[in-house]
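Generate the whole structure from the sequences, applying the supplied hints.
Protein sequences, first through last, are from chains A and B.
By the working numbering, the letter at position 79 of the first sequence is numbered 79, and the numbering carries on one by one without gaps.
By the working numbering, the letter at position 47 of the second sequence is numbered 47, and the numbering carries on one by one without gaps.
Please note that a few of the clues may not be correct.
[What the hints assert, rightly or not] Think about it this way: if two alpha-carbon atoms lie no more than 20 angstroms apart in a straight line, the pair counts; the simulated PhoX-like pairs of lysine-lysine are:
no., chain 1, residue 1, chain 2, residue 2
1, B, Lys58, B, Lys22
2, B, Lys22, B, Lys68
3, A, Lys41, B, Lys37
4, A, Lys20, B, Lys42
5, B, Lys58, A, Lys41
6, A, Lys66, A, Lys14
7, B, Lys22, B, Lys57
8, B, Lys42, A, Lys41
9, A, Lys55, A, Lys20
10, B, Lys71, A, Lys41
11, B, Lys104, B, Lys71
12, A, Lys55, A, Lys41
13, B, Lys68, B, Lys37
14, B, Lys22, B, Lys37
15, B, Lys58, B, Lys104
[As the list claims (entries may be wrong)] Covered stretches of chain B (chain A as the covering partner; in silico rule of three or more C-beta atoms under 8 angstroms from a C-beta of chain A):
no., segment
16, 44-58
17, 91-100
[Claimed, not checked] FRET-style restraints, in silico, Cβ to Cβ:
no., chain 1, residue 1, chain 2, residue 2, range
18, B, Ser12, A, Ser5, 32 to 38 angstroms
19, A, Trp10, B, Glu56, 23 to 29 angstroms
20, B, Glu56, A, Asp65, 44 to 50 angstroms
Worth flagging that the hints you see were computed from the coordinates, not collected in a lab.
Ideal placement from N, C-alpha and C gives every residue a C-beta, glycine not left out.
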Amino acid sequence: GAVVSQHPSWVICKSGTSVKIECRSLDFQATTMFWYRQFPKQSLMLMATSNEGSKATYEQGVEKDKFLINHASLTLSTLTVTSAHPEDSSFYICSAKNLQTSTDTQYFGPGTRLTVL
Amino acid sequence: GENVEQHPSTLSVQEGDSAVIKCTYSDSASNYFPWYKQELGKGPQLIIDIRSNVGEKKDQRIAVTLNKTAKHFSLHITETQPEDSAVYFCAASIRGNNRLAFGKGNQVVVIP
Numbered sequence: 001g002a003v004v005s006q007h008p009s010w011v012i013c014k015s016g017t018s019v020k021i022e023c024r025s026l027d028f029q030a031t032t033m034f035w036y037r038q039f040p041k042q043s044l045m046l047m048a049t050s051n052e053g054s055k056a057t058y059e060q061g062v063e064k065d066k067f068l069i070n071h072a073s074l075t076l077s078t079l080t081v082t083s084a085h086p087e088d089s090s091f092y093i094c095s096a097k098n099l100q101t102s103t104d105t106q107y108f109g110p111g112t113r114l115t116v117l
Numbered sequence: 001g002e003n004v005e006q007h008p009s010t011l012s013v014q015e016g017d018s019a020v021i022k023c024t025y026s027d028s029a030s031n032y033f034p035w036y037k038q039e040l041g042k043g044p045q046l047i048i049d050i051r052s053n054v055g056e057k058k059d060q061r062i063a064v065t066l067n068k069t070a071k072h073f074s075l076h077i078t079e080t081q082p083e084d085s086a087v088y089f090c091a092a093s094i095r096g097n098n099r100l101a102f103g104k105g106n107q108v109v110v111i112p
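Structural data, given as structure tokens:
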């Protein structure tokens, strides 16, 4: 149990285009999902907390108009990187908390490698 | 906010030996401490976690110990195997607070 998937696993796009990344909890319901960004050889940086049916909470310094987050159901959250630039190239990882168990545990997805040319 | 530090940054061990990674945290209100293993190009995988009401937890070759007085917790891997080679992240959070504060990670290399 507690499986989180992401799609796509990697994406290459041109500068100025938008990219959507999906995060799904496959075998549990998640009222709260998180989006992280990770640069090479660095730790995970929390970008935003996504709550089902409400607006996401963004961390300081993260542009909400650039990183659009939608959490329309208990099993799906999406992150859209708008007008992508090369500096947005990174490893994007989502995580989810299990509604039923109501613990603090976050289960992570496999990540999405974004490369902006 | 919570600040979590990990030491050492890199750890090399001979296959079969034990590996220990230590993390310190700053906020005494933190009460949940997970450890994640991340292999290259993959997402972090939860390997063990501990809550502040216990001092030690073990799962086969992996154990975590918590010292609330000193505000540090450690990951112990016994009988290391090459597949244990990865980056290990510790984290801490306060119950009810969604945010996990991560350490910078430890690169563990198990030498065959």
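Consistency of the hints with the structure:
1. With a CA separation close to 16 angstroms, the supplied pair B/Lys58 and B/Lys22 stays within the 20 angstroms bound.
2. At roughly 13 angstroms between alpha-carbon atoms, B/Lys22 and B/Lys68 fall within 20 angstroms of each other, so this suggested pair holds.
3. Pair hint A/Lys41 plus B/Lys37 holds up; C-alpha atoms about 14 angstroms apart against a cutoff of 20 angstroms.
4. A threshold of 20 angstroms between alpha carbons decides the hint, and for A/Lys20 with B/Lys42 the separation of about 19 angstroms falls inside it, so the pair holds.
5. The suggested pairing of B/Lys58 with A/Lys41 is violated, with an alpha-carbon distance near 28 angstroms, which exceeds 20 angstroms.
6. Between A/Lys66 and A/Lys14 the CA atoms are separated by roughly 16 angstroms; this keeps the pair inside 20 angstroms, and the hint holds.
7. A hinted pair counts as satisfied when its Cα atoms are at most 20 angstroms apart, and B/Lys22 with B/Lys57 qualifies at roughly 15 angstroms.
8. Straight-line distance between C-alpha atoms of B/Lys42 and A/Lys41 comes to about 13 angstroms, which keeps the hinted pair within the 20 angstroms bound.
9. Straight-line distance between C-alpha atoms of A/Lys55 and A/Lys20 comes to about 17 angstroms, which keeps the hinted pair within the 20 angstroms bound.
10. For the given pair, B/Lys71 sits about 26 angstroms from A/Lys41 by alpha-carbon distance, which is inconsistent with the 20 angstroms threshold.
11. For the hint linking B/Lys104 to B/Lys71, the alpha-carbon distance of about 17 angstroms falls within 20 angstroms, and the restraint holds.
12. Of the supplied pair hints, the one linking A/Lys55 and A/Lys41 is violated, its CA atoms being roughly 31 angstroms apart against a limit of 20 angstroms.
13. In summary, the hint linking B/Lys68 to B/Lys37 is not supported, as the alpha carbons are separated by about 23 angstroms, beyond the 20 angstroms threshold.
14. With a C-alpha separation of about 14 angstroms, the suggested pair B/Lys22 and B/Lys37 falls inside the 20 angstroms cut-off, and the hint holds.
15. Pair hint B/Lys58 plus B/Lys104 does not hold up; C-alpha atoms about 23 angstroms apart against a cutoff of 20 angstroms.
16. Restraint check on the segment 44-58 of chain B versus chain A: 4 residues with Cβ-Cβ distances below 8 angstroms, three needed, restraint holds.
17. Given a C-beta distance limit of less than 8 angstroms, the hint that chain A covers the segment 91-100 of chain B holds, as 5 residues qualify and 3 suffice.
18. Checked against the given bound of 32 to 38 angstroms, the beta carbons of B/Ser12 and A/Ser5, roughly 34 angstroms apart, stay inside it.
19. Checked against the hint of 23 to 29 angstroms, the pair A/Trp10 and B/Glu56 fails, with Cβ atoms roughly 40 angstroms apart.
20. The hinted range of 44 to 50 angstroms is satisfied by B/Glu56 and A/Asp65, whose Cβ atoms lie roughly 47 angstroms apart.
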